Amino acid sequence: MSKNKSADFTTGNGEVLSTSGKLIRWICSIVLIIYSFITIFVLAITVMDSLKTQTDLVTNFVGLPKAVSFSSYAAVLGGGEFLRYFKNSVILTVCGTAGCIILSAMAAYGIARYKFKGKSFLTGYFMIGMMVPVQVSILPLFIILRNLGLLNKLLGLILVYISGISMSCLIFQKFFRTIPTALEESARLDGCHDLTVFFKIILPITKPVIFTMALITAIGEWNDFYMPMVLLGNKNVTTLTLAIYRYIGQFTRYMSESMAAVVITLIPIIAIYFAFSSQIVEGLTGGAVKG
Amino acid sequence: MKKNRNYLFFITPAFILYTIFVALPIVIVMFLGFTDWSGMGEIHLVGIKNFVTIFTDKRFAPEFFNALKNNLKYLLCVWLIITPFQYLVAYLLFIKIPAHKYIKFMVFLPYVISTTIVSFFATLIFNPNIGFLNNFLGKIGMASGAWFGDPKWAFKLLILLILWQGSGSGIMIFYSNFMDISSDVMEASRIDGCTEWQRFLHILLPLSLPSCASNITMSTIWALAIFDMPFILGGINGGINGTLDFANLVFYRYTFGSGLNGKSDLGFGAAIVLIMFIVMMAVTLLQNKLLSKFEYDN
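Respectively, the protein sequence lines represent chains A and B. Residue numbering for the first sequence follows my numbering, beginning at 1 and increasing consecutively. Residue numbering for the second sequence follows my numbering, beginning at 1 and increasing consecutively.
Worth flagging that the hints you see were computed from the coordinates, not collected in a lab. In this text, all values refer to a predicted model and were calculated from it rather than measured experimentally. It is possible that some hints are incorrect.
[As the list claims (entries may be wrong)] When the alpha-carbon atoms are kept at most 25 Å apart in a straight line, the in silico BS3-like pairs for lysine-lysine are as follows:
1. A:66 x B:139
2. B:101 x A:22
3. A:115 x A:153
4. B:73 x A:22
5. B:152 x B:73
[What the hints assert, rightly or not] Pair ranges (Cβ atoms, derived):
6. A:118 x B:152: 51 to 59 Å
7. A:183 x B:187: 31 to 39 Å
8. A:40 x B:235: 27 to 35 Å
9. A:79 x B:279: 40 to 48 Å
10. A:118 x B:42: 22 to 30 Å
Note that CB positions come from ideal geometry on N, CA and C, so glycine has one too.
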């Protein structure tokens, strides 16, 4: 749909532009292209620097490596600590995202498909999380998790991540309202329980929306810095973002190692971006529902 | 629409977790603001003592209001620099300037990079000793700067970094708003011989305003809650002379770091959060009032 739309009224095409109009477009384009080189430049420098030895790096910060060396990667991965941080980040992101998406899809289905008292209250209630930044609730979260014995444990933060259903719940509600009910009715006449209907019939058609929402949620959790810092202070349950924060603090000492650490952290996220950038944008702009 | 109790199966799990980890904390923080709880032992209600301290304490009040001032300064930058920039780029993408696909891809890329790594990049560039900006300036014979260590530069550089990293999402939201404008309207304007400027002023701008409002509201809330980047780049004390100090950093310092009396004071921290929250709500309300004045009646 969105693809057709953009083809329908391609603003530039079909219109005869004046020479000055064309010129302005080209200038804007060139300025933005130069602007985009900042990103490429920074990423390229980091990758190149990660392939230098520490001595090479100090004297030759910007240029190409004199000889490609994987010593910094060996140093980062050798201790086994960094791999543990990587594992922690993966566990947090995967569990947090999966739980959040399933719970929010279920809640959204309940709200979109059933009539009950307090429904509009519940819709608003589930939206509060979107309007209140996490910094407001971090202190009580700290206390609650401490009382549950979940402070400095991955499970505690996973539960917090799972509870962050506001955004995805809203998107799922929008989507479920677009599905015709006939499909579920026939399944229900065959004697299926509502939960079976949901998992066997509704979830499969929701797959594209689930995918985009999962991407957005996962990126947010993978990149999260504040909550892991406050809720996972412990060294054993550090995440990648926290590890990099520590590297920044001792940058001059661990220069080449920190480059390698940043590259390792960036690889999954950049790979996902290259593969699914349009889905990420759709999920972010609410375009996932329009299909 | 069905009317039976089965909805409970769907809603209960989410409701319980959401209540414990999202809704309950908001209630607790409102209560804690009126206590002097240190995190252990008994909880004493102390009325508005914490709030009085915030506004009158000789050491704390200037610090907090400096931070709050920085928050508002940053908010102004969001309104006057970042949002217009996002809107402009979104418009340029919408009219399909040359290489728009590449630009769209690259402009949004920094959004998926975490603030920690963006701060790392900032260290690479702006580190006074080894960063390559000073390196470069030295080579062409110019004086090097202290950048994030320099009160004159720190705030401006922070805005630049946020512009680079954070504008992608807003650009995409504005862009998709433009794409949602009905093709009939666009077609009609073309047939009627609208110039590009007229079309922008009389069609695109008014039609995209309502959706802009929600976007601006969200970015306002996040602007007042900024934490990660100033914390990583300026340290826990908010940079040199508090140039990178924000309300959230003050809150973090006094709650989880060493506090006013050298001990962590959760009640006092909660009071800071409450003040922050009130400022947030006030700004959002004010802003919605302002934005609704410009809204197009249709």
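Going through the hints against the structure:
1. A:66 x B:139: holds, 21 Å
2. B:101 x A:22: Given that 25 Å is the threshold and the Cα spacing comes to 17 Å, the pair holds.
3. A:115 x A:153: Since the Cα atoms of residue 115 of chain A and residue 153 of chain A sit roughly 39 Å apart, the hinted pair is violated (cutoff 25 Å).
4. B:73 x A:22: Violated, at roughly 37 Å.
5. B:152 x B:73: holds, 14 Å
6. A:118 x B:152: 51 to 59 Å: holds, 55 Å
7. A:183 x B:187: 31 to 39 Å: holds, 36 Å
8. A:40 x B:235: 27 to 35 Å: holds, 30 Å
9. A:79 x B:279: 40 to 48 Å: Since the Cβ atoms of residue 79 of chain A and residue 279 of chain B sit about 45 Å apart, the hinted range of 40 to 48 Å holds.
10. A:118 x B:42: 22 to 30 Å: violated, 36 Å
The structure fails hints 3, 4, 10 (numbered hints given earlier, in ascending order).
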